[in-house]
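Asks: Chain by chain, the residues:
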Amino acid sequence: MTSSAITASGLRKSYGDKVVLDGIDLDVPAGSIFALLGPNGAGKTTAVNVLTTLLAMDGGTARVAGHDVVTETRKVRSAIGVTGQFAAVDELLTGRENLRLMADLYHLKDHGVIEDLLRRFDLLEAADMRAVAYSGGMRRKLDLAMTLVGRPRIIFLDEPTTGLDPRSRRTMWTIVRELVADGMTIFLTTQYLEEADQLADRIAVLDQGRLVAEGTPDQLKRHIPGGHVQLRFASAAELGAAARVLTGSTPDEEGLVLRVPSDGGNKSLRSLLDRLDEYAIDVEEFTVHLPDLDDVFLALTGHSSTQEVAAP
Amino acid sequence: MSSDTLIMLRRNVKHTRRNPVTLFNAIFMPIIMMLMFVYVFGGAFDVGGGDYVDYATPGMLMLAITYGLSATAVSVSSDMTKGIINRFKVMDVSRGAVLTGHVVSTVVRTAFSVTAIIGIALLFGFRPNGSVVDWLAAIGVLLLVIIAVSWLTVAFGLGARSVEAAGFLAVPLIMLPFFSSAIVPADKMGPGIREFAQYQPFTSIIESVRGFLTGAPNLGQTLAAIAWSLAIAVFGYVWARSQFGKRA
Numbered sequence: 001m002t003s004s005a006i007t008a009s010g011l012r013k014s015y016g017d018k019v020v021l022d023g024i025d026l027d028v029p030a031g032s033i034f035a036l037l038g039p040n041g042a043g044k045t046t047a048v049n050v051l052t053t054l055l056a057m058d059g060g061t062a063r064v065a066g067h068d069v070v071t072e073t074r075k076v077r078s079a080i081g082v083t084g085q086f087a088a089v090d091e092l093l094t095g096r097e098n099l100r101l102m103a104d105l106y107h108l109k110d111h112g113v114i115e116d117l118l119r120r121f122d123l124l125e126a127a128d129m130r131a132v133a134y135s136g137g138m139r140r141k142l143d144l145a146m147t148l149v150g151r152p153r154i155i156f157l158d159e160p161t162t163g164l165d166p167r168s169r170r171t172m173w174t175i176v177r178e179l180v181a182d183g184m185t186i187f188l189t190t191q192y193l194e195e196a197d198q199l200a201d202r203i204a205v206l207d208q209g210r211l212v213a214e215g216t217p218d219q220l221k222r223h224i225p226g227g228h229v230q231l232r233f234a235s236a237a238e239l240g241a242a243a244r245v246l247t248g249s250t251p252d253e254e255g256l257v258l259r260v261p262s263d264g265g266n267k268s269l270r271s272l273l274d275r276l277d278e279y280a281i282d283v284e285e286f287t288v289h290l291p292d293l294d295d296v297f298l299a300l301t302g303h304s305s306t307q308e309v310a311a312p
Numbered sequence: 001m002s003s004d005t006l007i008m009l010r011r012n013v014k015h016t017r018r019n020p021v022t023l024f025n026a027i028f029m030p031i032i033m034m035l036m037f038v039y040v041f042g043g044a045f046d047v048g049g050g051d052y053v054d055y056a057t058p059g060m061l062m063l064a065i066t067y068g069l070s071a072t073a074v075s076v077s078s079d080m081t082k083g084i085i086n087r088f089k090v091m092d093v094s095r096g097a098v099l100t101g102h103v104v105s106t107v108v109r110t111a112f113s114v115t116a117i118i119g120i121a122l123l124f125g126f127r128p129n130g131s132v133v134d135w136l137a138a139i140g141v142l143l144l145v146i147i148a149v150s151w152l153t154v155a156f157g158l159g160a161r162s163v164e165a166a167g168f169l170a171v172p173l174i175m176l177p178f179f180s181s182a183i184v185p186a187d188k189m190g191p192g193i194r195e196f197a198q199y200q201p202f203t204s205i206i207e208s209v210r211g212f213l214t215g216a217p218n219l220g221q222t223l224a225a226i227a228w229s230l231a232i233a234v235f236g237y238v239w240a241r242s243q244f245g246k247r248a
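Residue numbers (my numbering), protein chains in the order written: chain A, 1 to 312; chain B, 1 to 248.
Chain B with its partners taken away, still in its complex shape (with noise of 0.2 angstroms):
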């Protein structure tokens, strides 16, 4: 990492930190949908046997990803709508460390927010079967889809006209849990929906996940889930820095 993306990075954890709405949305909003999923709602949800949170874990690790996503889109938003970026662009700051800067922030942030799932997981009688190697693949996933993803949302934040209109952009890739097998099994819902679910990335990167948890590895779903990551990562980025380039 270059020292300029450590000089951004500084400044966006400061950010975070003294930024409520941030903390709540990307740490606080994920642990209350674990608990609404798994502690309210959980018991009438038929998953096929097994425990709930056994089931919903992944799902929830997805939830945790995504709901960060909107502070990222706004903060990355705030800067290029209020000059900052237009001020980095003309001191010969190196040209990516701003973005990187953001990713690398959002991927921090997220880390936190996933291990808090997976403690309260923990909590609730979450007793995966994966061996150390599963766990380790797992978080390979993980990672990769935060990364992916924080691309896209950086690219997302830099189109956005407005800081308004960046937060709302985030929406759909905020809603996509819910529309693949997060919550419950996608051949549970009804006809259209399911298609939808059983074949969008998410439920591929839930799915892949699910299985080293449970120390069962879906080969199928991890090629596709990685595949999906890959392209999502390189979209982000080849537009992001396009976006960045062109707008001043």
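Extracted from the complex, chain A is given alone in its bound form (with noise of 0.2 angstroms):
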């Protein structure tokens, strides 16, 4: 037995001349959860779709759950689920009946699972009703409880979140939690930093099909200079007392407002609270901003995410 339960070194995959996958490299523990973070069309669902055996690769090898992509792919099928950036489920069928195909398909004689899903959930209202009138997050739950259906070991999530209220991300979330903790492995495609540093162990962050970083939130959080923390003065007085002590922030004279480069963290917030008290300097506002893909993309590319062409 492996403890990886996916790598792949070298993945390539192009459209005619346009490149969607430069030669990716990955290595993802078994039962943890791996983000790959970038913008649209950075090659994120290109990535998945190559390693489910959707697509062909053009070139490099991938292993999911031990088989190789190319040359095992029922195995490879067996092993994995899928939820899309679409929530694929059949919206003339009852949220029951997307179950129940997806139990018949997988040949289960048990149908106690369709049941426990829609529990689990919290569909079981919902359940008669035809998945044309779910909501979007809804639609996702019942996605995502379709591929659970087969109790894949490892499962891919591709943009799980996008195009849902904050309270159906919390939600989302929530349950990829509880799926890690039951043992299976996550491969998760996002393009919210915060999504990744919420549930990642490892990020990889993709710029036009290759790899630009990868480590752990923290590790890649480090490298972005993009966090910082903004102080609000009452007078310009003490806004200038304050950026004479404070070394390496930006004044912003008209709006009275100091920058001072942060990583977020309770020491060094702490110290830059001491220090601004030792000075008796008082502050109106202080607000924390931590660093959003935006700053990941210009730290690590020298371009904004935004500037990217729009591909598949």
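Keep in mind that a hint or two might mislead.
[Claimed, not checked] Calculated cross-link-like contacts (lysine to aspartate or glutamate; reagent style DMTMM-like; alpha-carbon spacing at most 25 angstroms): (1) A:Lys109 x A:Asp128; (2) B:Lys82 x A:Asp104; (3) B:Lys246 x A:Asp122; (4) A:Lys109 x B:Asp92; (5) B:Lys14 x A:Asp128; (6) B:Lys82 x A:Asp165; (7) B:Lys246 x A:Glu285; (8) B:Lys14 x A:Asp104; (9) B:Lys14 x A:Glu125; (10) A:Lys75 x A:Asp58; (11) B:Lys246 x A:Asp128; (12) B:Lys14 x A:Glu97; (13) A:Lys109 x A:Asp122; (14) A:Lys75 x B:Asp92; (15) B:Lys82 x A:Asp110; (16) B:Lys14 x A:Asp110; (17) B:Lys82 x A:Asp128; (18) B:Lys246 x A:Asp68; (19) B:Lys246 x A:Asp22; (20) B:Lys82 x A:Glu91; (21) B:Lys14 x A:Glu91; (22) A:Lys267 x A:Glu285; (23) B:Lys82 x A:Asp122.
It is worth saying that the hints were derived from the structure and are not from the lab.
From the two separate chains plus the hints, produce the assembled complex.
Replies: Rendered as structure tokens:
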């Protein structure tokens, strides 16, 4: 047995002369959450499609659950579950019928799993409504429940919360954590740094088909200068005083705001506040800005994520 | 039929029952066309003696077959664009089952509309002279045609970029019977159209069925009908399978 759930080396995929994946190496330990972070068009969905046997790769090798995705597709398929970017539920069937369809296709004799999943995902009340009437959050939950009917060991979640409201997003996060607690491995793609940070054990940043960084959320954030503390003062005198004692800060005289680079951690914040105390400087307002995806991109690639060209 | 195909068939039958547009296009539209042509316009057509209903019924059967096809194209395309097919593909469902399920449910649905048309034709005075063997032969030809155009339509549905485009791709198939000997004999049409109507596949199919139902089997047209159907079926099947494998 290998302790890697997913490994890939030198994955390449092009559409015509457009290179979508340009040599990707991955190693996802079993039982962990791995996040592939990147903007639209970075190649996230293509990576998922290649790893889940939907697309043939042009070069490289990949093993999922210990099986080669090219030569042992059936074994790979029986070990994985995939929930794509758009909830792939059958709209003309009810929630229960959708799950039933999956159970039939997996040739499950016992249909107890259907009721369990409906209960677990809080879909019992809506179970006999056609999925076309479901809200976005309910569809995603049903989609994921359908994926779980076959009890996969490895789950691919392609942007599981894109387009969801904040509450449904939190619910989804809780569900994902529970899945890992049950021993599953999660391969997640997302455009939100916060989501990767909240969920993932390891994050890889994908930009224009290449991995530009990989590590734990903490390792990654350490490289990112985007995090800062913003201090607002009542007078220009106080702003000036603070700017003198806090090294590396950038004052904005008009807004009476001072920007101080920070990782947002409690130690650095305490020392910052201590220093202001020491010089008896009053702060009107204090806000911590954590780096977002745009900061990550700027730091790692020198261009912003929104400048990407649109792609599949 | 594999158990996966049966599961898919059951799913598609549920879809048809729950989708009023499908039922309307596939079952009621051909009946309405039948009533229009036979009851409303029929008296004005000169088809060279005999009752118009006797002439028109084989053509109406062809219309009943093609009218349901847009529903199939739309349903396949919607499976494709909404990610359902990808879900099945990563589940190790037998490769052909998704597509075969669509073909079989189209055949079943079309069998209903064809039966309805025959029933209404008989009500309107259709008096076929074919023997039981002729009827079986006619049913055989129709079944082959239905399977052939179903595979072609499934391929259209898989290839379409959107559900709307899929519905549109089926339109030429729906229009083709009008430019065949379905409504009036080809030799009464204008030049250009006449030659097209004489040699297009649906004319052979309709003439073959007409021959059997009137008790005067037309061997040449039947062979042509079988050849056309096999060609369409093989082309549709190969095209559908290749797209199913390629597109993600």
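Asks: With reference to the structure, classify each hint as holding or not holding.
Replies: Here is what the structure says about each hint:
1. Between the alpha carbons of Lys109 of chain A and Asp128 of chain A the distance comes to roughly 21 angstroms, so the proposed pair stays at or under 25 angstroms and holds.
2. Proximity of Lys82 of chain B to Asp104 of chain A is assessed by CA-CA distance (about 21 angstroms); at most 25 angstroms being required, the pair is judged to hold.
3. A C-alpha spacing of about 37 angstroms is found between Lys246 of chain B and Asp122 of chain A, which places the hinted pair above 25 angstroms, so the restraint is violated.
4. With a C-alpha separation of about 18 angstroms, the suggested pairing of Lys109 of chain A with Asp92 of chain B holds against the 25 angstroms cut-off.
5. Distance restraint check for Lys14 of chain B and Asp128 of chain A: the Cα-Cα separation of roughly 14 angstroms lies within the 25 angstroms cut-off, and the hinted pair is therefore satisfied.
6. Between Lys82 of chain B and Asp165 of chain A, the direct Cα distance comes to roughly 21 angstroms. Compliance with the 25 angstroms bound is thereby established for this hinted pair.
7. A hinted pair counts as satisfied when its Cα atoms are at most 25 angstroms apart, and Lys246 of chain B with Glu285 of chain A does not qualify at roughly 57 angstroms.
8. For the hint linking Lys14 of chain B to Asp104 of chain A, the alpha-carbon distance of about 15 angstroms falls within 25 angstroms, and the restraint holds.
9. Between Lys14 of chain B and Glu125 of chain A the CA atoms are separated by roughly 22 angstroms; this keeps the pair inside 25 angstroms, and the hint holds.
10. Distance hint between Lys75 of chain A and Asp58 of chain A is fulfilled; the C-alpha atoms sit about 21 angstroms from each other, no more than 25 angstroms.
11. For the suggested pair Lys246 of chain B and Asp128 of chain A, the alpha carbons sit about 35 angstroms apart, so the restraint of at most 25 angstroms is broken.
12. A distance of roughly 10 angstroms separates the Cα atoms of Lys14 of chain B and Glu97 of chain A; the hinted pair therefore holds under the 25 angstroms criterion.
13. Among the hinted pairs, Lys109 of chain A with Asp122 of chain A is consistent with the structure: their alpha-carbon atoms are about 23 angstroms apart, no more than 25 angstroms.
14. Distance check on the hinted pair: Lys75 of chain A and Asp92 of chain B sit about 9 angstroms apart at the alpha-carbon level, within 25 angstroms; holds.
15. Restraint check: the Cα-Cα separation between Lys82 of chain B and Asp110 of chain A comes to about 28 angstroms, which exceeds 25 angstroms; the hinted pair is violated.
16. This hinted pair checks out: Lys14 of chain B and Asp110 of chain A have alpha carbons roughly 23 angstroms apart, not beyond 25 angstroms.
17. Our distance criterion of 25 angstroms between C-alpha atoms is met by Lys82 of chain B and Asp128 of chain A, whose separation comes to about 21 angstroms.
18. About 19 angstroms separates the Cα atoms of Lys246 of chain B and Asp68 of chain A, which keeps this hinted pair within 25 angstroms; it holds.
19. Restraint check for Lys246 of chain B and Asp22 of chain A: the C-alpha separation of about 21 angstroms stays at or below 25 angstroms, so the hint holds.
20. A hinted pair counts as satisfied when its Cα atoms are at most 25 angstroms apart, and Lys82 of chain B with Glu91 of chain A qualifies at roughly 10 angstroms.
21. Of the pairs offered as hints, the one joining Lys14 of chain B and Glu91 of chain A holds, with about 11 angstroms between alpha carbons and a cut-off of 25 angstroms not exceeded.
22. Taking the CA atoms of Lys267 of chain A and Glu285 of chain A, the gap is about 19 angstroms. The hint holds against a cut of 25 angstroms.
23. Annotation: proposed proximity of Lys82 of chain B to Asp122 of chain A holds, straight-line Cα distance about 24 angstroms (limit 25 angstroms).
Hint compliance for this structure: hints 3, 7, 11, 15 are not met, and every other hint is.
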